[in-house]
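This is what each chain is made of:
Protein chains: 2
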Amino acid sequence: MYNISIIGSGNGGRAFAAYLSKKGYKVNLAFRDKRKIKSIYNYKMVQSEGEISGTFKLNLITNNYKKLVEQADIILLVVPAFAHKEIAARIAPYLHDGQIILLNPGRTWGAIEVYNIIKLKRPFLDIHVGETQTLLLTSRAVKDYGVQVLRIKDSTDFCFYSNYPNYDVYHTINEIFPELNPVYDIRITSLNNIGAMIHPATVVLNSGSIHRKQDFLFYREGVIPHISRIIEEIDKKRCMILDALGVKALSFLRWVEEVYNVRAQDFYEAFQKIPPYATIKAPKMLKKRYLTEDVPTGLVPLWSIAQYLNLPTPTIESIINLTDLLLNTEYKRTGRTVRRIGVPLKLLKPKSPIESVNDTLITIL
Amino acid sequence: MYNISIIGSGNGGRAFAAYLSKKGYKVNLAFRDKRKIKSIYNYKMVQSEGEISGTFKLNLITNNYKKLVEQADIILLVVPAFAHKEIAARIAPYLHDGQIILLNPGRTWGAIEVYNIIKLKRPFLDIHVGETQTLLLTSRAVKDYGVQVLRIKDSTDFCFYSNYPNYDVYHTINEIFPELNPVYDIRITSLNNIGAMIHPATVVLNSGSIHRKQDFLFYREGVIPHISRIIEEIDKKRCMILDALGVKALSFLRWVEEVYNVRAQDFYEAFQKIPPYATIKAPKMLKKRYLTEDVPTGLVPLWSIAQYLNLPTPTIESIINLTDLLLNTEYKRTGRTVRRIGVPLKLLKPKSPIESVNDTLITIL
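If you read the sequences in order, they're chains Z and W.
In terms of my numbering, the first sequence opens at residue 1 and continues consecutively.
In terms of my numbering, the second sequence opens at residue 1 and continues consecutively.
No lab work stands behind these hints, which were simulated from the structure alone.
Don't take each hint at face value.
Identical copies go unnamed one by one, so any copy, or any two together, can satisfy a pair.
[Stated by the list, open to error] Below 30 Å or equal to it, Euclidean Cα-Cα: the simulated DSS-like pairs (lysine-lysine) are:
no., residue 1, residue 2
1, LYS332, LYS66
2, LYS57, LYS332
3, LYS119, LYS351
4, LYS273, LYS287
5, LYS236, LYS288
6, LYS287, LYS57
7, LYS66, LYS248
8, LYS85, LYS121
9, LYS85, LYS119
10, LYS346, LYS121
11, LYS281, LYS346
12, LYS57, LYS349
Put together the whole structure using the sequences plus the hints.
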């Protein structure tokens, strides 16, 4: 039976704790702010409702990373992507050979960032770092004692970052999470970061009313037709970048079909039709994950790849520029650029024209 | 007594009609939509209140440009700057030697645009084209019969576009408008376009709530502290461009002092303190002059100069890019770029390093 440590005790971390404890694994949970998980801490139990229902025991709940990391076979990071860097540095000293780290999700280049930080500190460590494309469990934290699991997605891609796939590691993850779907190109999990297509543009172009705390439904009313055109342009550029790299892109409209089973003619219609969007309200301040996570770990890496490929992405760059001014940040410099992450250049090699010709030939034949 | 034709019968056009008729000039007024000026048309009179008060006769009110232009000594254009181009082309056939055209205001490069369009069609015509830096008369149209003149500004710059100043022309204008202040560098009237610093950014970053028709005071509530930083950045870049050209810039904060007699520590404070801003409401749709005029005839020319000078202006470019997507326009291409207007390159010559050194020397001596 695996010993699994979960770092992050918000919506996702609690849901994973319930999911794994229910399956009988030894579950350890790390927290940052004890007040927020007081009952979970006191009773060493997570109460879950929804798709997973019951009260589930924890093996350990602590903010002692040493204890948490040393005993774990598998470590799940369930935190905002902007925290991956810091957590990687904090856990690095306690890791040992053969451990598996899975980011839920990695956003763009999460696994590479964590892997490179650990390897810089522990060059000889035999570690496996992977990421999921999105959060497997749609969930909401309930007060200081539990979680509501709204949905267990039926197919979420995951991938480990390495030169050659280690099938044992994939097998272990699928043994624990049969719903996860293995893929063998980290660009598939990293570059289909749909949230980054939608959230920053919508917040920036609604920044006045968000700061004024005017009520509106984030997607249904926030994505006015004009803004949907901006989101469309951003997603089009992402697909163009993926295409230039020879990676099959999952377009936003296709994603809407796959995830929500909604067919839409255009972006605006999609936002009007996706059922859960009917109740999601706008945030009441600008400094929230829609910007603080999705810009540095979503739009910035995309823009940086485009720079590398010499593809102009004026709209993506505009949203980054304005975010940096709105929040007084420097995401364009501090975000996940190709250089800062150390993305191997072979992952950024443009599909050669010869390859394209071959593709065509094969299609014709 | 001069015969003066006014093209444009909105707020400004009506105010000029009252101002000039009161002084005894023969005033002709052109209109576009008869319904909007029905009483003015029927009675051939403009009723004015406020700083100019009374009922004032018109010599002619017509939509016949031929009649209007042929008899005029002076032609005032009092229309949105995006209409200058079309009007220049329409009046060109009827112009004769020695006439004076004054744009109120020109926004950026208005006089050059009009001059070049006319000269292209009538190369041998001896015509004088000038522009004011802002509208001399702050005014509001009143129904279909009149106008309220809120303020006659006490010092508004004007300039004629020519290689050497024709002092007779300046004299004629000052005879009619003693409040106008002659300057002899068209860049002073063209590149201190403050509206373009403020309006587009505020609309773009409030575009969601404007489209949703949520009520807010445009300046007081629309320019949240975060957005004031974006406006500050845009204005800083404008001043940098002017500085690179060796033209003294009027910064926004300085302008606020001069025009409103308000001293502010920062941009946000300025927007909170300027008295008339206390009541100005946000527009209820995006396709309004704050974007349709200020982007193509304010931000685009500035961005284009910066391109020419090789100065990066990412924030200005971001606002242009997003406007083009929001409105489905191509202002970046169709707006007043250096190339499209035909701005003489001598107006864009960077201040030479030698000149700067001399400046320093002089300061030291």
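Status of the hints after comparison with the structure:
{"no.": "1", "hint": "LYS332 - LYS66", "verdict": "neither (33 Å within a copy, 56 Å between copies)"}
{"no.": "2", "hint": "LYS57 - LYS332", "verdict": "neither (43 Å within a copy, 61 Å between copies)"}
{"no.": "3", "hint": "LYS119 - LYS351", "verdict": "within (29 Å within a copy, 51 Å between copies)"}
{"no.": "4", "hint": "LYS273 - LYS287", "verdict": "both (28 Å within a copy, 27 Å between copies)"}
{"no.": "5", "hint": "LYS236 - LYS288", "verdict": "both (25 Å within a copy, 28 Å between copies)"}
{"no.": "6", "hint": "LYS287 - LYS57", "verdict": "neither (35 Å within a copy, 58 Å between copies)"}
{"no.": "7", "hint": "LYS66 - LYS248", "verdict": "neither (40 Å within a copy, 62 Å between copies)"}
{"no.": "8", "hint": "LYS85 - LYS121", "verdict": "within (13 Å within a copy, 64 Å between copies)"}
{"no.": "9", "hint": "LYS85 - LYS119", "verdict": "within (13 Å within a copy, 62 Å between copies)"}
{"no.": "10", "hint": "LYS346 - LYS121", "verdict": "within (23 Å within a copy, 58 Å between copies)"}
{"no.": "11", "hint": "LYS281 - LYS346", "verdict": "neither (41 Å within a copy, 54 Å between copies)"}
{"no.": "12", "hint": "LYS57 - LYS349", "verdict": "neither (47 Å within a copy, 74 Å between copies)"}
In summary, the structure is inconsistent with hints 1, 2, 6, 7, 11 and 12 from the numbered list given earlier, while agreeing with the others.
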